[in-house]
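Protein chains: 2
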Amino acid sequence: MQLLASNKVFGGLHQRYSHQAESTQCEMTFAVYLPPQATAEQPVPLLYWLSGLTCSDENFMQKAGAFKVAAELGMAIVAPDTSPRGEGVADDPEGAYDLGLGAGFYINATQLPWAKHYQMYRYISEELPALLEQHFPVTQQRAIAGHSMGGHGALSIAFKNPERFSSVSAFSPICQPTTCPWGQKAFTAYLGSVQQAWQEHDSSLLIKRLTPEQHLPLLIDQGSDDSFLAEQLKSETLVDAAKQLNYAINFRMQQGYDHSYFFIASFIEDHLRFHYKYF
Amino acid sequence: MQLLASNKVFGGLHQRYSHQAESTQCEMTFAVYLPPQATAEQPVPLLYWLSGLTCSDENFMQKAGAFKVAAELGMAIVAPDTSPRGEGVADDPEGAYDLGLGAGFYINATQLPWAKHYQMYRYISEELPALLEQHFPVTQQRAIAGHSMGGHGALSIAFKNPERFSSVSAFSPICQPTTCPWGQKAFTAYLGSVQQAWQEHDSSLLIKRLTPEQHLPLLIDQGSDDSFLAEQLKSETLVDAAKQLNYAINFRMQQGYDHSYFFIASFIEDHLRFHYKYF
Numbered sequence: 003m004q005l006l007a008s009n010k011v012f013g014g015l016h017q018r019y020s021h022q023a024e025s026t027q028c029e030m031t032f033a034v035y036l037p038p039q040a041t042a043e044q045p046v047p048l049l050y051w052l053s054g055l056t057c058s059d060e061n062f063m064q065k066a067g068a069f070k071v072a073a074e075l076g077m078a079i080v081a082p083d084t085s086p087r088g089e090g091v092a093d094d095p096e097g098a099y100d101l102g103l104g105a106g107f108y109i110n111a112t113q114l115p116w117a118k119h120y121q122m123y124r125y126i127s128e129e130l131p132a133l134l135e136q137h138f139p140v141t142q143q144r145a146i147a148g149h150s151m152g153g154h155g156a157l158s159i160a161f162k163n164p165e166r167f168s169s170v171s172a173f174s175p176i177c178q179p180t181t182c183p184w185g186q187k188a189f190t191a192y193l194g195s196v197q198q199a200w201q202e203h204d205s206s207l208l209i210k211r212l213t214p215e216q217h218l219p220l221l222i223d224q225g226s227d228d229s230f231l232a233e234q235l236k237s238e239t240l241v242d243a244a245k246q247l248n249y250a251i252n253f254r255m256q257q258g259y260d261h262s263y264f265f266i267a268s269f270i271e272d273h274l275r276f277h278y279k280y281f
Numbered sequence: 003m004q005l006l007a008s009n010k011v012f013g014g015l016h017q018r019y020s021h022q023a024e025s026t027q028c029e030m031t032f033a034v035y036l037p038p039q040a041t042a043e044q045p046v047p048l049l050y051w052l053s054g055l056t057c058s059d060e061n062f063m064q065k066a067g068a069f070k071v072a073a074e075l076g077m078a079i080v081a082p083d084t085s086p087r088g089e090g091v092a093d094d095p096e097g098a099y100d101l102g103l104g105a106g107f108y109i110n111a112t113q114l115p116w117a118k119h120y121q122m123y124r125y126i127s128e129e130l131p132a133l134l135e136q137h138f139p140v141t142q143q144r145a146i147a148g149h150s151m152g153g154h155g156a157l158s159i160a161f162k163n164p165e166r167f168s169s170v171s172a173f174s175p176i177c178q179p180t181t182c183p184w185g186q187k188a189f190t191a192y193l194g195s196v197q198q199a200w201q202e203h204d205s206s207l208l209i210k211r212l213t214p215e216q217h218l219p220l221l222i223d224q225g226s227d228d229s230f231l232a233e234q235l236k237s238e239t240l241v242d243a244a245k246q247l248n249y250a251i252n253f254r255m256q257q258g259y260d261h262s263y264f265f266i267a268s269f270i271e272d273h274l275r276f277h278y279k280y281f
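Just so you know, the protein sequences line up as chains A and B, in that order. At position 140 of the first sequence the residue is numbered 142 (the numbering used here), and the sequence of numbers has no breaks. At position 70 of the second sequence the residue is numbered 72 (the numbering used here), and the sequence of numbers has no breaks.
Fair warning: there could be bad hints in the mix.
The list makes no distinction among identical chains, and a pair is therefore deemed to hold if it is satisfied within one copy or across any two copies.
[As the list claims (entries may be wrong)] Derived DSSO-like pairs (lysine-lysine); straight-line CA-CA distance at most 30 Å: (1) K118 to K279; (2) K162 to K187; (3) K279 to K65; (4) K245 to K70; (5) K245 to K65; (6) K187 to K70; (7) K279 to K70; (8) K187 to K245; (9) K245 to K118; (10) K65 to K210.
Keep in mind the hints are simulated off the structure, nothing from the lab. Just so we're clear, the structure is a prediction, and the values are computed from it rather than from any experiment.
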């Protein structure tokens, strides 16, 4: 691991690291916030934050305003990158923002030219936690959250691994990628046209496989003025599925808010306190 | 005025506007935060935030994490751009980050090719306040703050116009531009080599002209690990001058903090509460 940057913030440390990842076969960058309480003798719980399309490890750390409360509670936060990167990593030939670099969709690609590096599901759910729990003062108490494509990532990874997390939350998540343009484009490219493979990463379907004992505490915030809501995010699909399952999720439609980090900053405190309660 | 963007945040509104400015003879962009309390019937006090080198109206608004407390207190914040911009606006031929675009230094240029558009002192101290107080729900209660080059701007504008502000604060300000490389380069270009013109914009000199009645409440935060401290910022010059004048400034050396917005975010709440106290 190589330390790229270190900044003191709210008494703790924001740090950026790069490392050679086995799963994605390239150098990956992540950022971590370590609150002042975190020491080798007293490790702290860790929130995984998965960002949306076009983001890197930097957006959440710079824009969410999460550190004050994380420092108060004593919780670490990690923000991984949203795709593999670097020379030799495939990208959309036209540089589309919703495919290739910055658009890994937190799945393991099976199709060429993506399969070699686009193994973000394995990176986020296995390799990165192992690395962090070995090298940083964090416990195995894990929560997961994300925004938009990263909200899809947080929900789908939590639903596939409910034993690994104590709670899950999302802002403006893509709730049914198998039926929205962003998801269909990415899944077709990365997974081919096999519907069964798609269903392995669709939160509105995955939720139905959970037993009542696997129902993690779940908080979702969605802006009512989010221009992607109707076509891409489709939060009603997840809300309806949860209702049928008697899964008591906390879905909040926030009046007048949009898809931006201004929305995330307004409610991130609620998410941190929510996760902290279940550690 | 043209509305470029509007985002709901912490119950208030973040908005970006552009307008044709008389002082700088070009289209200027600024961002404003209006807290939920602000209405035409109940205008609120306004904090001017002046940003540092390379910044636009966006950096503070996206990275400082100031809105929660501004919304709680009921204060508006405006973040102007740091220079004129657009076609025909002179820039450093080599694209230096510390001269030309993004580096207006909050002074009125007298030298070619800068004089036509680089009139940031007049824009910030006269034209923008008049515009804001006419078109937005803000009172004439004004405070001013800034970072680095913008810290220089806040201090020097407040010292030259103590009757216009109720308080002033800065993060990592350039305290003596007449003796540091950033200031000498910019002042030589914009003002020529006339030392008298330089002294009109050097806070460590301007402070000596103030009568005790003109000593505004003044808070400065400086990071001890700021790599620009010794060569460019020279905070001891201002601290020493204040001491000689019995000007009771609150200067805080914050151990381990650097020059970044992570530092600003860590202490912006203190600055907002400080200014609010004196409105």
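Right, here's what the structure says about each hint:
1. K118 to K279: neither (39 Å within a copy, 59 Å between copies)
2. K162 to K187: within (22 Å within a copy, 59 Å between copies)
3. K279 to K65: Both. Shortest intra-copy (24 Å) and inter-copy (27 Å) distances satisfy the 30 Å Cα cut-off.
4. K245 to K70: neither (35 Å within a copy, 33 Å between copies)
5. K245 to K65: Cα proximity of K245 and K65: none, with 33 Å in one copy and 38 Å across.
6. K187 to K70: Answer is neither; intra-copy 38 Å and inter-copy 38 Å both fail.
7. K279 to K70: both (17 Å within a copy, 22 Å between copies)
8. K187 to K245: Within one copy only: 28 Å inside, 65 Å across.
9. K245 to K118: Answer is neither: 39 Å inside a copy and 64 Å across each miss the 30 Å cutoff.
10. K65 to K210: Neither: 34 Å inside a copy, 39 Å across copies.
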